[in-house]
Structure formats: C-alpha cells, structure tokens
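Sequence order for the protein chains is A and B. With the first letter of the first sequence counted as 1, position 21 gets the number 21 in the UniProt record's numbering; the numbers rise by one all the way through. With the first letter of the second sequence counted as 1, position 292 gets the number 292 in the UniProt record's numbering; the numbers rise by one all the way through.
Honestly, the hints are just simulated from the structure, not real lab data. Check before you lean on any hint, since a few could be wrong.
[To be verified] As a list, the in silico BS3-like pairs of lysine-lysine whose alpha-carbon atoms are at most 30 Å apart:
#, chain 1, residue 1, chain 2, residue 2
1, B, 290, B, 312
2, B, 249, B, 37
3, A, 37, A, 249
4, A, 182, B, 32
5, B, 83, A, 81
6, B, 10, A, 81
7, B, 100, A, 80
8, B, 312, B, 218
9, A, 37, B, 218
10, B, 61, A, 80
11, A, 32, B, 182
[What the hints assert, rightly or not] Where chain A lies over chain B, by a calculated footprint (3+ residues, C-beta under 8 Å):
#, segment
12, 281-295
13, 370-381
[Unchecked claim] Chain A is nowhere near these chain B residues, computed Cβ spacing over 10 Å in every case:
#, residue
14, 195
15, 402
16, 404
Ideal Cβ positions, reconstructed from N, Cα and C, are used throughout, including at glycine.
Protein chains: 2
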Amino acid sequence: MIKANDPSLKSWIEVDGNSDFPIQNLPFGIFKTGQDKARVGSRIGNKVIDLNALYVLGYFKNLPFEQSDFQTDALNTIMKKGKEATTDLRNRLSKLFDEKHTDLSNNNHHVEQVLIDVDQVEMLMPVQVGDYTDFYSSRGHATNVGTLFRDPANALLPNWLWIPVGYHGRASSIIPSEQMIKRPKGQTRPNDDQDPVFGASKLLDFELEMAFVTFDGKPLGENITTAEASDYIFGMCIMNDWSARDIQKWEYVPLGPFLAKSFASSISPWIVTMDALEPFKTEGPKQDPKVLPYLEYEGDFHYDINLEVGIKPENSEETTVCNSNYKYMYWNMAQQLAHHTINGCNIRCGDMMASGTISGDDHSSFGSMLELSWRGSKPIKMKDGSERKFINDNDTVIMRGHCNANGVRIGFGEVSTKVLPAQ
Amino acid sequence: MIKANDPSLKSWIEVDGNSDFPIQNLPFGIFKTGQDKARVGSRIGNKVIDLNALYVLGYFKNLPFEQSDFQTDALNTIMKKGKEATTDLRNRLSKLFDEKHTDLSNNNHHVEQVLIDVDQVEMLMPVQVGDYTDFYSSRGHATNVGTLFRDPANALLPNWLWIPVGYHGRASSIIPSEQMIKRPKGQTRPNDDQDPVFGASKLLDFELEMAFVTFDGKPLGENITTAEASDYIFGMCIMNDWSARDIQKWEYVPLGPFLAKSFASSISPWIVTMDALEPFKTEGPKQDPKVLPYLEYEGDFHYDINLEVGIKPENSEETTVCNSNYKYMYWNMAQQLAHHTINGCNIRCGDMMASGTISGDDHSSFGSMLELSWRGSKPIKMKDGSERKFINDNDTVIMRGHCNANGVRIGFGEVSTKVLPAQ
Numbered sequence: 001m002i003k004a005n006d007p008s009l010k011s012w013i014e015v016d017g018n019s020d021f022p023i024q025n026l027p028f029g030i031f032k033t034g035q036d037k038a039r040v041g042s043r044i045g046n047k048v049i050d051l052n053a054l055y056v057l058g059y060f061k062n063l064p065f066e067q068s069d070f071q072t073d074a075l076n077t078i079m080k081k082g083k084e085a086t087t088d089l090r091n092r093l094s095k096l097f098d099e100k101h102t103d104l105s106n107n108n109h110h111v112e113q114v115l116i117d118v119d120q121v122e123m124l125m126p127v128q129v130g131d132y133t134d135f136y137s138s139r140g141h142a143t144n145v146g147t148l149f150r151d152p153a154n155a156l157l158p159n160w161l162w163i164p165v166g167y168h169g170r171a172s173s174i175i176p177s178e179q180m181i182k183r184p185k186g187q188t189r190p191n192d193d194q195d196p197v198f199g200a201s202k203l204l205d206f207e208l209e210m211a212f213v214t215f216d217g218k219p220l221g222e223n224i225t226t227a228e229a230s231d232y233i234f235g236m237c238i239m240n241d242w243s244a245r246d247i248q249k250w251e252y253v254p255l256g257p258f259l260a261k262s263f264a265s266s267i268s269p270w271i272v273t274m275d276a277l278e279p280f281k282t283e284g285p286k287q288d289p290k291v292l293p294y295l296e297y298e299g300d301f302h303y304d305i306n307l308e309v310g311i312k313p314e315n316s317e318e319t320t321v322c323n324s325n326y327k328y329m330y331w332n333m334a335q336q337l338a339h340h341t342i343n344g345c346n347i348r349c350g351d352m353m354a355s356g357t358i359s360g361d362d363h364s365s366f367g368s369m370l371e372l373s374w375r376g377s378k379p380i381k382m383k384d385g386s387e388r389k390f391i392n393d394n395d396t397v398i399m400r401g402h403c404n405a406n407g408v409r410i411g412f413g414e415v416s417t418k419v420l421p422a423q
Numbered sequence: 001m002i003k004a005n006d007p008s009l010k011s012w013i014e015v016d017g018n019s020d021f022p023i024q025n026l027p028f029g030i031f032k033t034g035q036d037k038a039r040v041g042s043r044i045g046n047k048v049i050d051l052n053a054l055y056v057l058g059y060f061k062n063l064p065f066e067q068s069d070f071q072t073d074a075l076n077t078i079m080k081k082g083k084e085a086t087t088d089l090r091n092r093l094s095k096l097f098d099e100k101h102t103d104l105s106n107n108n109h110h111v112e113q114v115l116i117d118v119d120q121v122e123m124l125m126p127v128q129v130g131d132y133t134d135f136y137s138s139r140g141h142a143t144n145v146g147t148l149f150r151d152p153a154n155a156l157l158p159n160w161l162w163i164p165v166g167y168h169g170r171a172s173s174i175i176p177s178e179q180m181i182k183r184p185k186g187q188t189r190p191n192d193d194q195d196p197v198f199g200a201s202k203l204l205d206f207e208l209e210m211a212f213v214t215f216d217g218k219p220l221g222e223n224i225t226t227a228e229a230s231d232y233i234f235g236m237c238i239m240n241d242w243s244a245r246d247i248q249k250w251e252y253v254p255l256g257p258f259l260a261k262s263f264a265s266s267i268s269p270w271i272v273t274m275d276a277l278e279p280f281k282t283e284g285p286k287q288d289p290k291v292l293p294y295l296e297y298e299g300d301f302h303y304d305i306n307l308e309v310g311i312k313p314e315n316s317e318e319t320t321v322c323n324s325n326y327k328y329m330y331w332n333m334a335q336q337l338a339h340h341t342i343n344g345c346n347i348r349c350g351d352m353m354a355s356g357t358i359s360g361d362d363h364s365s366f367g368s369m370l371e372l373s374w375r376g377s378k379p380i381k382m383k384d385g386s387e388r389k390f391i392n393d394n395d396t397v398i399m400r401g402h403c404n405a406n407g408v409r410i411g412f413g414e415v416s417t418k419v420l421p422a423q
C-alpha cells in the first residue's frame, strides 16, 4: 500500500463525501487565476493547491524540483523528472495536508497563499502533448461498429483479438474541459451514387474514452515491455474524442480517420496519477486466443473506473445517456504501450494515449451516440422531451469518472464541452 | 522576382556548379560542431554559415530576432517570428554573402567565426515537429497500390479524386539524415489461414516523399484557404517515410497504418524555404472531376523538383533505383493545407506535412520498392550483381532532390539512412 493512498488518511481541508478529490487523490493540473501566470496545482475538496506557492514558501525542500517546474503552462516540467520524483511530490503533498501534520495548517498566512477556491481558478490544458495515439481497445465498441457497418456475423476484424489496434491522432486540437467547440465542416457523400458535398457535419458524436500520459521513454529502436510499462505512465484523464461520423465514413478508407477526429478531443483537466489509482486495479478479461508473448502480462492492469456521459441541451436539464466502466477494456495500458513500442517507436514525456471508445455489453454502457442510438435508429429521449440521434448545436456533453474502494472515492472531475453551430 | 533568387547573384564563397547550395538557396538547419551547443545554420557551397555567430557579431541589426533564436536546437524559434521575419533573414544572408558586398568578406576575423567546413559539422533534426501528417497525394502511387492490392480496374478508391487523403503520422520518430535505423519487429500474418507470428519485418521499404513545415496557423476552429496557404508554409525537405509492408498489411484495417510506419521517418537536414523554391513553380495536372470550391486554387502550387533514390549495399557501390519528380503530385500543398484545416483543425509552428510516396507514370519513377519490384515479382538489379525486392540489412538508402531553372540549381542535399539488422 502506497502511504498516500491509506483510506484512513484525512485532510485538514474539508472534503465532502461525494468529492472526487479526497486527500488520497492529489491529482496534478495547470491553472491560472485572473491575470496571473499559469502554474501547477493539485486539489483537495473544493480547494486548488498552488504548488508554485508551496515551492516558494519552502515546502518542497529535498525534492528534485526548481521553481520553473511549477511556474509553467504544462505538467511536462515535473513529469520530466520521472516517476520517483513525481511520486515523492505527491507523498509530500499528502503529508502537508494530512490532519496529523500541522507545519502548513498552523500557518494561516501560508495557507492563504497556497489554497484557492476552485471556482476562482481557470483550469488549462494540463500537458503539452507530443504525440497522441488513439487505441480501439474495447471489444464492445469494436463489435458494435463491426455490426453496424460490416457484418454482424463477423463483427470483429481478423486482427482485433491479436493486436491492440490503434492509430495516430491529432495532438494540436486536444483541449481542456470548458473550451467550446464548433461543429466541424467537411466533405461527406450522403448518397453513394452521387458526388460528395461540402457542409457542416450532420452526425456529430462524442466518444467516451480514458487517456494516459507518459514519462520519457527509451531511445528510438528500443521497446518497453508490459512488465516495464508502469514505469512510463504518469497518470490518466477522461477524454471525449469528438467524431464526425459522416465525414469519417467518406474519408477513412484506406488510411483511417483524419478530419473526422482532428477538429477536437476534449479532456478533463486533472491528471490523476497511477499511484492514486493503484487501489482500483482489477482483473482483465480472459484473452482468447492467447496473445503473442510480447503482449502477455502479469498482475492486474485493468482499472475499475465508473464512467458516465450526460447531454445537457441549452437552457435545459442534463440527461445521463451512458453508464460505463473503464474495466470493460479488452487490451490494457501495459499491452498498449508494449505494442506501441515493439517496433522501436520512441515515446516522449507528455505523449497521450487514449483507450478508444469504451462500451460494455449492456446497451446503456455504449460510449457513443452511434452505438446508443444504433446509428440513429433508436433516438435517445432527453429529460426535456427532445430526442437525440447525435449531438445537436448548443448541447453540452459532460463526462465524469470515479473509482470506489475501501470507503475511498477518487475521481477525475469532469470534461464538459459545449458545441457551437458551424461558422 | 525575390531579389535573393536573382540568377545573376554570386557569392564570395566558392560554389561548385553542381552544388545544391548556391547563394540563391540559403536553406536553414540546425548543426553542431564537437562539444559546442546546437545552433542555427545556413549553407553556401561547402561552407556552413553559423547564424549564432553572425548575430553575436552584429550582422542581424534591425531584424526581429534575439540570440536565443539562433542558439537553439530547433528552427521553431525563428519560424515563430513568422514569414516576413524569416524572409528578411534570408535576404540579409543574401546580402552578406553577395560578392558585391564586402562588410563581412573583408573582415577575416569575422569570416573565421562564421564559416565552417561542412565536413566539420553534424547536422541535427532541423525542426521540433508538433504534429506530423502524411498525405497520399500522388496519383501514380495510389493507382499502383490499388492495382497491387485491390482491383486494377478500380485502382483508385472512390474518395481519392475528391479528397487529398491523408492520415496522422508519428512525430517522435522523425529523424535526420545519417541516423541509422534498426529493422523493426512486429506482428505479421504470412498466411491468411494461420495465426499471426512475431518477428523482424521481412518487407522493409522506403517511401520517397517531400515534406513541408509550417508557421503558426490560426486558432482552433478556423480554416486556412488555398489562397492563404503560402503564408503558413516555411519550407521543405526530402523525407524517406520508412514502411514495413508485412506489418502494415496485417495491422492497417480499419484505422490505417500504425507500427508499420512509426519506427522511423528520415528527413534531409536543410529546410529549403518556399522563397528559394519560388522560381521552380510549375503547373499541376488538370483535376477531373472538378474539385469542391474549398479545394480550388489560383496560380501554380506545384514545384518542379527532380528526385532520385539510390541503394548502397554495404561495402559496395550505390545503384540509382528511382528517378522521379515532385511535380507528379495530384494534390498540391495549398490544397493539402486547406483540406487539413477545413474542419477547424489548428496547425502550429513546426508541424510537418508529407506528400505521400511520389510515383510518376513511368516504372522507373516509382517511389517505393513495393512498386519498383512490383510486390517482389520484378527484383531490382544492383550494380554489384545482387538483387533487391525490398531493403536488406546494412543497405543504405539515399534520396536526393534538386531544381533547375534559369541556370540556377537549388537542392536539398540528401537524406541517407543505413538499415541495421533487427536487435
């Protein structure tokens, strides 16, 4: 048991029982307040912790960091220091905010400089993403897509059970929660026997995904094994990997999705560390056929993370449209990373790798409107009486995720994105 | 006519008639010498020009640059200043090294600090690549691939003549000329009715491509038109976009090539500016069917760049296996950039976009071994008597490119990469 995960720990900062951010979480993010510069923060309850202030006040003595690591617009600076350093940093925070330690809590003048109400801060992109990779690792999703677009009898393509299929995504358009997006425009071909047309996408969709960010990897030409994978993963966030289904359908053969995805991928702003997620590891599915040796793994690499998606029409109430779980993955992060590097591909500090849409067996757990509305044939009822086949203009899509074990709830907060009309 | 392109210009630095680097070129790159730090350089003949030294010696007065822009390991610092600034910088170099100007040439002490023999420097990656996009814009290549793998009667897929098809590539594994690569390992399925196997790729291939690098673009949600495209493109290099055909065949459905490409893409180290390439613009092919309005363009956006590929077996002579030209592109850079951003996708300073394999109509102009050896059925004879269907261990693949017009030859130098055996 990592000490900072001890369920008996309590912070001197008040934390609501339903909060995603007890002292056992201590995620990392980038925030700013008003005109101040961006800096590194953590969070307990409804308080954001200013790590730059803690550094300046001398609370990070004997840790391998400099002030510029905290006065920065991306967590890459602290991630560059590696896993041991970031684990030590989280442990130091755990100690500083533990009710049994009074170094900081007794110093009101310091507390005032360090803690900020969460509604006073703007959360920014947590990481400068180098390369973004999107996997396709949920069997439920791959089966649904194969059933909808190809052959229900052979829904999974021949390679799917052998390879954690993935593809390169667009890093520049990964944006934090709260940043609004515009409905994308592009080429579609509504009728197979007519010429394509140009216009706003009519089939805008969300994709419920989880993403992880990496530390610096090995040099080009070397691979990372499943046993080594944990050393290279810093933490996770929720991702809404926006998709324009009509653009995708016309463009994706033979080189894969491109503009149907690259207009935006939204993420939750707090990176929850793998250290914090350790207690929520769970067994993965039996993999049959037996995977090739480089994809075998020991121990548990799946995580029990409850996920939900809500749609909030403008001036109306939110309707939950999906309840899912990250444990529904067929391929886990260790296998994804081992596969990604088996050809010698190098990973770098700040790379982001997403799960692909997460869908369970049950219809209510499907992670996209494509699946939930079964390609538009089963519209979803909203609380306000309206229906959705896909996402409408001015809808806000909200994804949330949290784990529960040993009486401790750790969560990711949310990624919330409003869709503006095409320009 | 841009003044720095004037064919009558001569430098006080001696330049061989066959050099790729007359004073009309003045490309940009990153170099280092011995233990010194990386810095920005240009080149005339066999001399590398140290731009950091020129800055320190005061030759860049009234240009919008700081020393840190030149004492850097990536051209992004100067590209961040935008097109006008980099054009002015090249014009300043043109003046300093023009035989009619003696400010610098008369100062031997300065000349010694500024010029370095090309064989004394190590050329590094010129650009920190944000996102890397690979297009598929040569009709010859797309037709050949379609003929080999699908249906000769319908070689082009239905979207190909409507869309500059492209996909996201891996930025981390883009490497400069001279960096050796290892043959990649991975999953392949040699027989469709048997399970896949793991091992070194047996079908390692080069892909002859040209790539361009971008200035900062517009914010997420806005597009760049074909008419605006020139303002966002800094310059070009040659790219060998390595491919493992057997890995690709098994992995690429339905999300496109992934590990078959991500182990390495090699580039020539000098970025030749679009300003320098201006005199080599040429008309593109007639596009039929007529493209959608956002892909229409005025003026010429194709470039007449002679390209060649050689294979040099170890301890043996090089054999030229391909003579091609960049003008064989169907879709041009303006169309590629307009398409890439039509959905609102943002481009950033340092993004790299490659052409896709460039193949002309003639067999000798095919830009990959897959096409040259027609999937292995027509082995290529080397000068040493050996044969190649694909690339062997310890082969060095060398690509070169240059333009000729008005008595001026401007080139890219070469991208040369030796293939080591799998580890």
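So, going through the hints one by one against the coordinates:
The hinted pair formed by residue 290 of chain B and residue 312 of chain B fails the criterion: a straight-line CA distance of about 43 Å is larger than 30 Å. As the CA atoms of residue 249 of chain B and residue 37 of chain B are separated by approximately 42 Å, the hinted pair breaks the 30 Å bound. A threshold of 30 Å between alpha carbons decides the hint, and for residue 37 of chain A with residue 249 of chain A the separation of about 42 Å lies outside it, so the pair is violated. Restraint check: the Cα-Cα separation between residue 182 of chain A and residue 32 of chain B comes to about 44 Å, which exceeds 30 Å; the hinted pair is violated.
Among the hinted pairs, residue 83 of chain B with residue 81 of chain A is inconsistent with the structure: their alpha-carbon atoms are about 36 Å apart, more than 30 Å. Only pairs whose Cα atoms come within 30 Å are accepted, and residue 10 of chain B paired with residue 81 of chain A is rejected, the gap being roughly 51 Å. Using a Cα cut-off of 30 Å, the hinted pair residue 100 of chain B and residue 80 of chain A is violated, with the two alpha carbons roughly 50 Å apart. Straight-line distance between C-alpha atoms of residue 312 of chain B and residue 218 of chain B comes to about 43 Å, which puts the hinted pair past the 30 Å bound.
Using a Cα cut-off of 30 Å, the hinted pair residue 37 of chain A and residue 218 of chain B holds, with the two alpha carbons roughly 23 Å apart. For the proposed pair residue 61 of chain B and residue 80 of chain A, the alpha carbon gap of about 37 Å is over 30 Å, so the pair is violated. Under the criterion of a C-alpha separation no larger than 30 Å, the hint pairing residue 32 of chain A with residue 182 of chain B is inconsistent with the structure, at around 44 Å. Counting residues of the segment 281-295 of chain B whose C-beta sits closer than 8 Å to any C-beta of chain A gives 4, which meets the bar of three, so the coverage hint holds.
With 0 residues carrying a beta carbon less than 8 Å from a beta carbon of chain A, the segment 370-381 of chain B misses the three-residue requirement, and the given coverage is violated. With a minimum CB-CB distance of about 7 Å to chain A, residue 195 of chain B fails to clear the 10 Å threshold, and the non-interface call is violated. Consistency note on residue 402 of chain B: stated as away from chain A, and its beta-carbon is indeed over 10 Å from all of that chain's, at 29 Å minimum. A cut-off of 10 Å between C-beta atoms confirms that residue 404 of chain B is not in contact with chain A; the least separation is 33 Å.
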